[in-house]
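Novice: With chain A's structure known, arrange chain B on it following the hints.
The lines below spell out each chain.
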Amino acid sequence: MLEFARWKYILVTLVLLLAALFALPNIFGEDAALQVARRDRANFVISEQKSVEDLLKDRGLSFSGSYIDEGRLMLRFSAVSEQLKARDAVNENLSKEYVTALSFASRSPAWLRKLGLHPMPLGLDLRGGLYLLYQVDIDGALGQLLEVYEQDLRKALSQANINFTDIVPFADGATRPNGLRVLLPVGTNIDLVRLAMRKVLPDLVYVDSSDASGSVIQIVLSPAQIKERQDYAIQQNLTTLRNRVNELGVSEPVVQRQGLDRIAVQLPGVQNSAEVKDILGKVATLEFRLVDVQNSITDAVQRGRAPLGSKLYKTRDEQPVLLKRDIIVTGDQLVDALTVATDQGPGVSVKLDAAGGDEMLRTTRANLKRPMAVVFIEQRREEIEIAGERIQRDIKEEKVINQATIQGVFSTNFQITGLDPNEARELALLLRAGALAAPIFVIEERAVGPALGKENIRKGVGALVMGMAVLFIFMLAYYRTFGLVANIVLIANVVLLAALLTVFRAALSLPGIAGMVLTVGMAVDANVLIFERIREELRNGVTPQTAIAKGFEKAFSAIADSNITTLIAGVVLWALGTGAIRGFAVVLSLGILTSMFTSLMGSRALLTLMYGGTRRPQQLSI
Amino acid sequence: MELFKSNSRIEFMGIRKFWYMLSAVMFLLSIGAIWTKGLNLGIDFTGGVTVEAAFKGEARLEAIRKGLEASGFKDVQVQNFGSSRDVAIRLPPLEGKSSEQVRSQVEGVLKNVDASVVLQRVDVVGPQVGKELRSSAIVSLLSTLVLIFIYVLVRFHAWQLSFGAIIAAIHDPVIVLGFFALTGVVFDLSVVAAVLAVIGYSLNDTVVVFDRIRERFEANKRLEPAAVLNLSVNQTLSRTIMTSLTTFIVVVTLLIFGGPVLQGFAIALVVGIMVGTYSSIYIASAVALDAGLTAESLFPTRQKLAIDDLP
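So the protein sequences, as listed, match chains A and B. One point on numbering: in this note's numbering, the residue at position 510 of the first sequence is 510, and numbering is uninterrupted. Numbers given in this note's numbering equal positions in the second sequence, counted from 1, plus 1000.
No lab work stands behind these hints: they were computed from the structure. The beta carbon of each residue, even a glycine, is placed where N, CA and C say it ideally should be. Please note that a few of the clues may not be correct.
Stated by the list, open to error - Listed below are the simulated DSS-like cross-link pairs for lysine-lysine, each with C-alpha atoms no more than 25 Å apart in a straight line: (1) A:LYS459 with B:LYS1056; (2) A:LYS454 with B:LYS1221; (3) B:LYS1221 with A:LYS554; (4) B:LYS1111 with A:LYS454.
Stated by the list, open to error - Over the 10 Å line for every Cβ pair with chain A, so calculated as not near, a few chain B residues: (5) ILE1010; (6) GLU1011; (7) TYR1020; (8) LYS1056; (9) PRO1092; (10) LYS1111; (11) GLY1184; (12) LEU1203; (13) ARG1216; (14) PRO1225; (15) LEU1231; (16) MET1274; (17) PRO1300.
To be verified - Covered, in the sense of this in silico footprint (three residues per stretch, anywhere, with C-beta under 8 Å from a C-beta of chain B), are these stretches of chain A: (18) 174 to 187; (19) 217 to 227; (20) 270 to 279; (21) 438 to 444; (22) 510 to 516; (23) 522 to 530; (24) 560 to 567.
If we strip away everything but chain A, and leave its shape as in the complex, we get (with noise of 0.2 Å):
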């Protein structure tokens, strides 16, 4: 007979109320917002919020919502002339404690977000926003590992007072370098060179060799060493550009690994392409030296290279300066870095962390009233062709940006001036980020405007209505109160759908909606097996109540069988697709899993509270 457990019933109906309640938010669209968060990422208060909103009203600035969320302030606005004239507002108020980051917000109500539910991510493409994946170089990790040994070194056996004639990189049995070589004068005692050496480099592997022109140890990195290196070039890039992406001030940016060497990024809404990539992949580091007051630079310019333990270096404006070796502190040992104004124009003060605010301070006593500079390295790479084979070059950019009398004593805090506002700005989010471990390429990049997105949204979903509107005819016209059933069912399928993506927060794309599509039209395939099961046991002679009962049962195997196939292409798509198509992936396997809920239990419970119990139809409308 026709019947259907209560628990059932309560399964079904507790499932669809979830899964409208969980659906919900998606209804509502999205403003334009701006984030506020703290720069110490500590949680925003209600008096912050106050003094924010207060600093907007005195703009002039109207915003359509405010509120916190997650620790952050989300303020909405209904225009995004609004929205960037209130991030200039704080950034140029405020900027000492919080960052901005252009956003969106979602419309749906106070009740809902105080829930968690929030609508489900758009993918780029619906968006709007630039995708790039980079290639980690990370034979380049390597050059700027021996960069530093070079420097242990060299500052090692100087404190030994030890005299040697360079130190250089050299590759052993590997086209780019993987060691260095210390070269010595006739006569050194290597034994006594090799301490001092293995006291900053313990774990190398030192090979030595005289000739009459002196001798040479050679210290070559391991396998072992070369791969620890490039997993730590990777891991700190990730780290790097994570912290230079979050310095952009782009909301709910994704930055992970992909692969061996690479790293995606993908920024949504973020529209100039040039500048993001600009800063993203800069390798860029600070270097602070003496300047060497001893020896001549017209010499030194004359004779073509500098003299032992200096380097000769250019201004900007292409001015020779010569400085010494050794390296007072790196990038590396900065803690902070934020512009600031001053007397010189605009500057960035730096904040060192304990080693190098050691190293400063004992610098700077011993050399007072002398000159310091400050070097700016960039490593870019440029493909050029030479005989018709492209090939790719990095380039090493060297350029003192600024020097000054050391004036007095210093060590953890102090400013860098002599640049102009754009690049202190760049300069102190670079420093602020961190440097690169290993120069980075784009290999492949995406950028989608924001009005293709919306183009591309409306599109989707008008695709969608239009589908379901001729199908809901369809089913109709075909099965009459069935597909009336159908239909209820189908929708409650497509509700089902959005709330488990919306849960999964798995981003939705273009191909995410296509695939919506292709499950509205796959999802009522089972219906029409019932349905078919039931005219046919009808057309045996049986009773209406027990075709139905009949019609479920033996449409069953049927249903599960031919959704399987379907399920391994979403499965294999799902695990080697990238992107958007993964996204149609989960969007086609989900939506199977649903629709055979919706028809298997929803078409059931509806049909039995229709026609089954106590009711005996004589005759069924299909």
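Specialist: Just chain B now, kept in the frame of chain A:
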């Protein structure tokens, strides 16, 4: 309302040679087209640059093309995209130029043609990434087929049915690919997704038909295999056509209203659903029959017992 008489008695098996011929022609034509013309691979697979730009007025394609060629781009494809005001520009992989340089150069050319142009989308795919996406697309196609083969082998208790399903599962995507090769519609990642969905979907119909075959054989083991298969296809015909129709309806709305981005995806599904439905009705069962499917292949032990019981 019923589209098909409940007791339709269409002779599917008797004229199967005709459908084999049709399928063979379509299949060989597809293979030939893929072989000789090849697929018009999108930048997802070749690497390169795609720019979509919106103009205020009608886009002057020829001026854009000339401008791009004058700035040194080779093999430029410029075409309307969705409307006469929108253009899609495709450029081959970058040669010695950074993506930013290409972007600004293209923007410069477009601004020269019409200063009010807005770049809607810029995709830059490096040749290495293109190569990888290509191989991952092939891997996903093959692994889907393999997984489905395994499923089909386990699922049906007769190898003849598995064989029929596998033939259909190869038949359908090849013809979809052939269609893309013949028409030159751009073949990108989303089309691969659609083709995989087609493989899964077309088997869906086949599984239902095969289930019915099993049921019919179980009910009456004395019937001729050809008659059972005919009956099964006829009995499931209404359902096969109905579900194909519902899916077809939504896919066609997707093609009409989904916009140019989803066009390739929708085309693959439209073609795939038609081919998949056709192969479920005319090919899969017929192949199983010619592979020698009988009641015995599905229920071997019982059949044997019945023989043993004979005096």
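Novice: Beyond 10 Å from chain A, beta-carbon-wise, is LYS1111 of chain B?
Specialist: 15 Å, holds
Novice: Report holds or violated for chain B covering the stretch 522 to 530 of chain A, Cβ cut-off 8 Å, minimum 3 residues.
Specialist: With 5 residues closer than 8 Å to chain B, the stretch 522 to 530 of chain A meets the three-residue bar; holds.
Novice: Compute the least Cβ-Cβ separation between LYS1056 of chain B and chain A, then decide whether it is above 10 Å.
Specialist: Since the minimum Cβ distance to chain A is about 13 Å, LYS1056 of chain B lies beyond 10 Å and the statement holds.
Novice: What's the verdict on LYS1111 of chain B and LYS454 of chain A, does the C-alpha distance respect the 25 Å limit or exceed it?
Specialist: Holds, at roughly 23 Å.
Novice: Beyond 10 Å on every Cβ pair: is that true for GLU1011 of chain B relative to chain A?
Specialist: Holds, since 21 Å exceeds 10 Å.
Novice: If you count the residues of the stretch 174 to 187 of chain A with a beta-carbon closer than 8 Å to a beta-carbon of chain B, do you get 3 or more?
Specialist: Result for this restraint: violated, n = 0.
Novice: Closest CB-CB distance from TYR1020 of chain B to chain A, is it above 10 Å?
Specialist: The claim stands: TYR1020 of chain B keeps its Cβ more than 10 Å from every Cβ of chain A (closest is about 23 Å).
Novice: Check whether the Cα positions of LYS1221 of chain B and LYS554 of chain A lie no farther apart than 25 Å.
Specialist: 20 Å, holds
Novice: Taking the closest pair, is the beta carbon of GLY1184 of chain B still more than 10 Å from chain A?
Specialist: 22 Å, holds
Novice: State whether the coverage of the stretch 217 to 227 of chain A by chain B holds or is violated, taking the criterion as 3 or more residues with Cβ-Cβ distances under 8 Å.
Specialist: With 0 residues in contact (Cβ-Cβ under 8 Å with chain B), the coverage given for the stretch 217 to 227 of chain A is violated.
Novice: Straight-line Cα separation of LYS459 of chain A and LYS1056 of chain B no greater than 25 Å?
Specialist: Given that 25 Å is the threshold and the Cα spacing comes to 20 Å, the pair holds.
Novice: Just want to verify: LEU1203 of chain B was marked as not at the interface with chain A; is every Cβ pair farther apart than 10 Å?
Specialist: The claim breaks: LEU1203 of chain B does not keep its Cβ more than 10 Å from every Cβ of chain A (closest is about 4 Å).
Hints 2, 12, 18, 19, counting from the list given before, are not met by this structure.
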